[in-house]
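The hints should help you fit chain B onto chain A, whose structure is shown.
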Amino acid sequence: ETGVTQTPRHLVMGMTNKKSLKCEQHLGHNAMYWYKQSAKKPLELMFVYNFKEQTENNSVPSRFSPECPNSSHLFLHLHTLQPEDSALYLCASSQDRITLYEQYFGPGTRLTVT
Amino acid sequence: QKEVEQNSGPLSVPEGAIASLNCTYSDRGSQSFFWYRQYSGKSPELIMFIYSNGDKEDGRFTAQLNKASQYVSLLIRDSQPSDSATYLCAVKGGSYIPTFGRGTSLIVHP
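Line by line, the protein sequences give chains A and B. Numbering-wise, the first sequence is residues 1 to 114 according to the numbering used here. Numbering-wise, the second sequence is residues 1001 to 1110 according to the numbering used here.
Calculated from the structure, these hints are not laboratory results. Careful: at least some of the hints might be erroneous.
Unchecked claim - Cross-link-like lysine-lysine pairs, in silico, PhoX-like; alpha carbons within 25 Å at most:
(1) K1002(B) x K36(A)
(2) K1042(B) x K36(A)
(3) K1002(B) x K40(A)
(4) K52(A) x K19(A)
(5) K19(A) x K1042(B)
(6) K22(A) x K52(A)
Stated by the list, open to error - From the structure, some residues in chain A lie toward chain B, with a derived Cβ separation under 10 Å:
(7) T2
(8) Y35
(9) Q37
(10) K41
(11) L45
(12) E56
(13) L88
(14) C91
(15) E102
(16) Y104
(17) G106
(18) G108
Don't be surprised by glycine CBs; every beta carbon is placed ideally from N, CA and C.
Bound-form chain A, shown alone (with noise of 0.2 Å):
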């Protein structure tokens, strides 16, 4: 275990559902990530939140809401996506989001969307 949690491990939703990922660290960190990981693709970074403050939105389409209402934990928010957002969803956190060598992942959310 990294001390990084995400729920749920797997999600299968319909284009026109609404859900939730949720992801809580309990290292003590205050620098929290999304990443997406595609089959064949490079892992993608999406969003980066220091301090609760969103930093880095890598052009990531408004279907996809983060949130972070602390430090500790981060969400992300999903609402009428398409079937090519099927992807693991990963989150990471770091002390600050300048200490990148000090990332660590959780398990990762597996989501299709049908």
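Just chain B, lined up with the frame of chain A:
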């Protein structure tokens, strides 16, 4: 567009051999370089990072960086079957957004 290139493999080496994984990158302004290991069905795990030209050793792992050639590599000495995984190269420049390669699959056979 910033690119990080890795041979997808699989790279197959016998147990006890040296596995050499390579990565090239396009952005000359890149400042920090990372190697992650990802077992099948698991999340990535950072195993090495390097900032300066030359070699950095950590146990059986050695990262090698050549900024002039825009090349970073990972050597795994005395490879073990438990090293079988996909190895991801990531490169970061002045922004806080790393660029990842597609990964190289390594198979260490007994």
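Tested hints:
1. For the proposed pair K1002(B) and K36(A), the alpha carbon gap of about 18 Å is at most 25 Å, so the pair holds.
2. For the proposed pair K1042(B) and K36(A), the alpha carbon gap of about 14 Å is at most 25 Å, so the pair holds.
3. As the CA atoms of K1002(B) and K40(A) are separated by approximately 18 Å, the hinted pair is consistent with the 25 Å bound.
4. Simply put, K52(A) and K19(A) have alpha-carbon atoms about 21 Å apart, close enough for the 25 Å limit, and the pair holds.
5. A C-alpha spacing of about 23 Å is found between K19(A) and K1042(B), which places the hinted pair at or below 25 Å, so the restraint holds.
6. Restraint check: the Cα-Cα separation between K22(A) and K52(A) comes to about 15 Å, which is no more than 25 Å; the hinted pair holds.
7. Evaluation of the T2(A) hint against chain B yields a held restraint, the C-beta minimum of about 8 Å falling below 10 Å.
8. At about 9 Å, the closest approach between the beta carbon of Y35(A) and any beta carbon in chain B falls short of 10 Å, and the interface hint on this residue holds.
9. Hint status for Q37(A): holds, given a least beta-carbon distance of 8 Å to chain B, under 10 Å.
10. Proximity of K41(A) to chain B holds as hinted, the smallest CB-CB distance being about 7 Å (cut-off 10 Å).
11. Because the smallest distance between the Cβ of L45(A) and any Cβ of chain B comes to about 5 Å, under 10 Å, the interface hint for this residue holds.
12. Given hint, E56(A) at the interface with chain B, holds; its Cβ is 6 Å from that chain's nearest Cβ, closer than 10 Å.
13. Checking L88(A) against chain B: minimum C-beta separation of about 8 Å stays under 10 Å; hint holds.
14. A least Cβ separation of about 9 Å between C91(A) and chain B falls short of the 10 Å threshold, and the interface hint therefore holds.
15. Below 10 Å, beta-carbon pairs count as interface contacts, and E102(A) has one with chain B at about 8 Å; its hint therefore holds.
16. Taking 10 Å as the C-beta contact cut-off toward chain B, the hint placing Y104(A) at the interface holds, the least distance being around 8 Å.
17. Interface restraint check for G106(A): the shortest CB-CB distance to chain B comes to about 6 Å, inside 10 Å, so the restraint holds.
18. For G108(A), the interface hint holds, the least distance from its beta-carbon to any beta-carbon of chain B being 5 Å, beneath 10 Å.
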